[in-house]
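A.B. asks: Place chain B on chain A using the hints.
The chain contents come next:
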Amino acid sequence: MGKDRKLRILVAKPGLDGHDRGARVIARAFRDSGFEVIYTGCHQTPEQIVNTAIQEDVDLIGLSILSGAHTYSFPRIMELLKESNAEDIRVIGGGIFPLEDIPKLKGIGIREIFEPGAKLKDITDWVEQNISPRKAVAFEGK
Amino acid sequence: MLKKVVPSEAELERMEKEHGQWLEEYKKALKKMPERLNRFSTVSDLETRAIYTPLDIAGKDFFEDIGSPGCYPFTRGVQSTMYRARLWTMRMFAGLGTAEDTNKRFHYLINHGETGLSTAFDFPTLMGYDTDSPLARGECGKCGVAIDTIDDIQRLFAGINLEDVTTSMTINPPASIIWAMYIANAENQGFSRKRLGGTIQNDCLKEFIAQKTLMLPPEPSLRLVTDTVEFGTREVPRWNTISISGYHIREAGATAVQELAFTIYDGITYVEEGIKRGLSVDEFAGRLSFFWNSHIDFFEEIAKMRASRRLWARIMKERFGAKDPRSMLMRFHTQTAGCSLTAQEPYNNVIRTTTEALAAVLGGTQSLHTNSLDEVYMIPSEEAVLIALRTQQILADEIGVTHVIDPLAGSYFVEALTDKMEEEANAYIRKLDDLGGMVAAIERDFPQMEIADAAFHFQQQIESGEKTIIGVNKYLSERPELEFVLKIDDEIERMQVERTNRFKESRDKDRFRKAMDELRRRCEGPPCWDNNVMPALVEAVRAGATEQECCGLYREAFGVYTDPGTF
Chain A
1 MGKDRKLRIL
11 VAKPGLDGHD
21 RGARVIARAF
31 RDSGFEVIYT
41 GCHQTPEQIV
51 NTAIQEDVDL
61 IGLSILSGAH
71 TYSFPRIMEL
81 LKESNAEDIR
91 VIGGGIFPLE
101 DIPKLKGIGI
111 REIFEPGAKL
121 KDITDWVEQN
131 ISPRKAVAFE
141 GK
Chain B
143 MLKKVVPSEA
153 ELERMEKEHG
163 QWLEEYKKAL
173 KKMPERLNRF
183 STVSDLETRA
193 IYTPLDIAGK
203 DFFEDIGSPG
213 CYPFTRGVQS
223 TMYRARLWTM
233 RMFAGLGTAE
243 DTNKRFHYLI
253 NHGETGLSTA
263 FDFPTLMGYD
273 TDSPLARGEC
283 GKCGVAIDTI
293 DDIQRLFAGI
303 NLEDVTTSMT
313 INPPASIIWA
323 MYIANAENQG
333 FSRKRLGGTI
343 QNDCLKEFIA
353 QKTLMLPPEP
363 SLRLVTDTVE
373 FGTREVPRWN
383 TISISGYHIR
393 EAGATAVQEL
403 AFTIYDGITY
413 VEEGIKRGLS
423 VDEFAGRLSF
433 FWNSHIDFFE
443 EIAKMRASRR
453 LWARIMKERF
463 GAKDPRSMLM
473 RFHTQTAGCS
483 LTAQEPYNNV
493 IRTTTEALAA
503 VLGGTQSLHT
513 NSLDEVYMIP
523 SEEAVLIALR
533 TQQILADEIG
543 VTHVIDPLAG
553 SYFVEALTDK
563 MEEEANAYIR
573 KLDDLGGMVA
583 AIERDFPQME
593 IADAAFHFQQ
603 QIESGEKTII
613 GVNKYLSERP
623 ELEFVLKIDD
633 EIERMQVERT
643 NRFKESRDKD
653 RFRKAMDELR
663 RRCEGPPCWD
673 NNVMPALVEA
683 VRAGATEQEC
693 CGLYREAFGV
703 YTDPGTF
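Chains as they are written, first to last, in the numbering used here: chain A, 1 to 142; chain B, 143 to 709.
In isolation and in its complexed conformation, chain A is listed as follows (with noise of 0.2 Å):
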C-alpha cells in the first residue's frame, strides 16, 4: 500500500449549520484533484463524523462550519478520534471562525483552518503537500 494508494478525504458538515456551499464546491475541487471523497451531507453529530471517518479508513477529515458551532464540535471531534485510537486521521477545518479561535483550534490538533476567500488550488495543493496516507491499519494490526 502506502504512497501509491489515493488520498481519502472525508468532507463533513458539523452540527445544524445547513451552509453547506463550500462543503459541496471543496468536495468537488478534491475529487477533480484525484482523491477520493466521501461527503457526509449535513447535520452531522462528531461521533457520526468520527465513525464514517473510521469506517470509510479516510486519511482526513475537512470539517465545513459556518455558524459558530466549532468552539463545541471541534474539540470534541479531535476527542473522539483520539478515545478511538484513530489520530493518524488528520483534521483540517474551513468557514468562518472567529479570529481568535483560531489558534485555538490549531493548539488542539486541527491541521490547518481555511478561511473566506481562500482558493481552492491552495487548498487542493496543501492537502497534496501535508497529507500522506495512513499506514493500512487493519494490515499492521495482524
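If you're looking for bench data, these hints aren't it; they were derived computationally from the structure.
These numbers were taken from a predicted model, which means no experiment stands behind them.
Each pair of labels, with its calculated beta carbon distance range:
hint : chain 1 : residue 1 : chain 2 : residue 2 : range
1    : A       : Gln55     : B       : Glu524    : 42 to 48 Å
2    : A       : Thr52     : B       : Ser334    : 50 to 56 Å
3    : B       : Arg228    : A       : Trp126    : 50 to 56 Å
4    : A       : Glu115    : B       : Glu524    : 24 to 30 Å
Note that CB positions come from ideal geometry on N, CA and C, so glycine has one too.
C.D. replies: What follows is chain B alone, placed relative to chain A:
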C-alpha cells in the same frame, strides 16, 4: 405618444442600418484598444452586449408586457402608488442569544426607524430541537434566538404591539409550531388573531433544494404547509402563510434565472396543494408572498424582480385561472446577498449592500433587509446594524429614487434583460413540468445539482480571475480584526436549558397530555380541515408543549428526511 415605444417598419429599418454603422465603428476602435474583458457577463454568467437599442424590444407590446403599476401583469409594481404613498417596510432580520437579547435588539431597531420585525432563530429552533437536545450542543443563540416554548415567545415580543407591527419569522419545518406560539401568545396579550399581520417563511421545498433545515420528507412537509395555508385563510386572514423564497437558493450558488425559476415553481406547487385541499385559488393565493435575493449585479437583479412579477401574474391567470387580481400580484421581501460580502476589508460591504438595496428598490420590493458589514462573520453588532438600517433610510429619503415609479421601464437594456429572465425561467419551468413537478425533481436531485454546478462554475471564475471580487482576487487584502464583532456567551445554553426545564415542570400535565393526544390524532388522520394541525397546536403550545415535543410527534407520525449528501 405610443408610436415612439412601438417603432414603425421604416423606423426599424433605419435603426438596423444605424446600428450596423455603429458596430463597424466600434470594431474599428477596438483594434486600437481592445475590450477590457474577453467576455462581458452578469454575475450569473449571462452574456451582455455593448449596447441595447429599440431593436432588442421591437416585439414588445406595451399593454401586454409592461402596462401600469398596480395593473396586470404588474411588471411595474404591485401598487398603483408604490413608494410615493408608502415606502417599503424596513425589516431587519434579527435574532441573537436569548429572547431578552433579541427583544432588546427589536426595540433598538424600532427606536431607530425600522418599520417591521423579522426574527432569526438559532439552528436548534430551525431544526425542531429544544436547547437541551444532544444535537443542539454548542448552537444555542449563535445564529439567532433560541426558542423552546411559548414563554420564550412572550419574552421575545414583550412591549411590542402585535396588531400594529407586522412580524416575519424565518422558520420552516417547525413553522406551524412557532406560528401557533405566536398566535397563542398574542391572544394571551389581548390581541385578536384576525388582526395579526406577518409572515412565516414556511417554504419547505427550498429546504430540500438549498437551505437544508430538514425534518420531514417532502410529502408530509407539504401537508403541514397546506394546513397553515388553510388555517390562515379561515382564521388569520392578514397573515402571509408562505414566503416562497429564492434567497437561499441563490445563496447556495444558483444563478438569477435558477433562483427565479425554482422559486416560482415552488409557488406553483403550493398553489396546486391548496387546490387539492379544496380551497379555491382566489381564497388563498393573495396571502402567498415571495422573497428574493438582491445580488451584486445591479441590472440583472432589477430585471429579475420585474420579470418575477410578470411571470407570477401570468401563471396565476393562465395556469390556475385566478380571477382576483390580488391572487396574481407578487408581493415580495428582499434581502441583500450575504454571499456577496467579504471577510477582507469588511467596510467595503457597506458599498455592496447599498447597491444591492438600490437594485431592490428599483425592482419594486415591498420590504427589505440590508446586511450589516460584519454579517459575514457573525450576527451583526448594534453599530453595524445601524449603518445597514440607515442605508435604507438614505435610499428612501435622500437620493430621489422613490419619487418615480419603476423608473427603469423603457430602458432597452432593462426591458430586454427582463424578457430574457422570463424566457429562461420559463424554459426551466417546462423542464420541471416534464420531470413531473418539484417533488419528483427534488427526488431526482435536479435543482440541487443545477445549483451545485453553478456554484462550482462561479468559484472557478473567481479563481481564474474571470470574475472579480475586490479584496479577494483583486487588490488582495488580509482579514482585519473588527472592533465590534458580537460574541454570544456559551453560558446562555445552560441557562436556557434550566429555564425550559422549569417551564415543563410547572405545566398542567393533564391538559398537556390531552392536547398532545389531539395533535397526534390529527397528524395520523387524512389531511382535511378536521385534521388540520393548527387548532391543536395552538392549544398544545398554550398547554406548555415545547417546540421539540411537537416536532418529535411530527417525526414519529411522518418519518424523517436526512440530507442525501450529494455534490
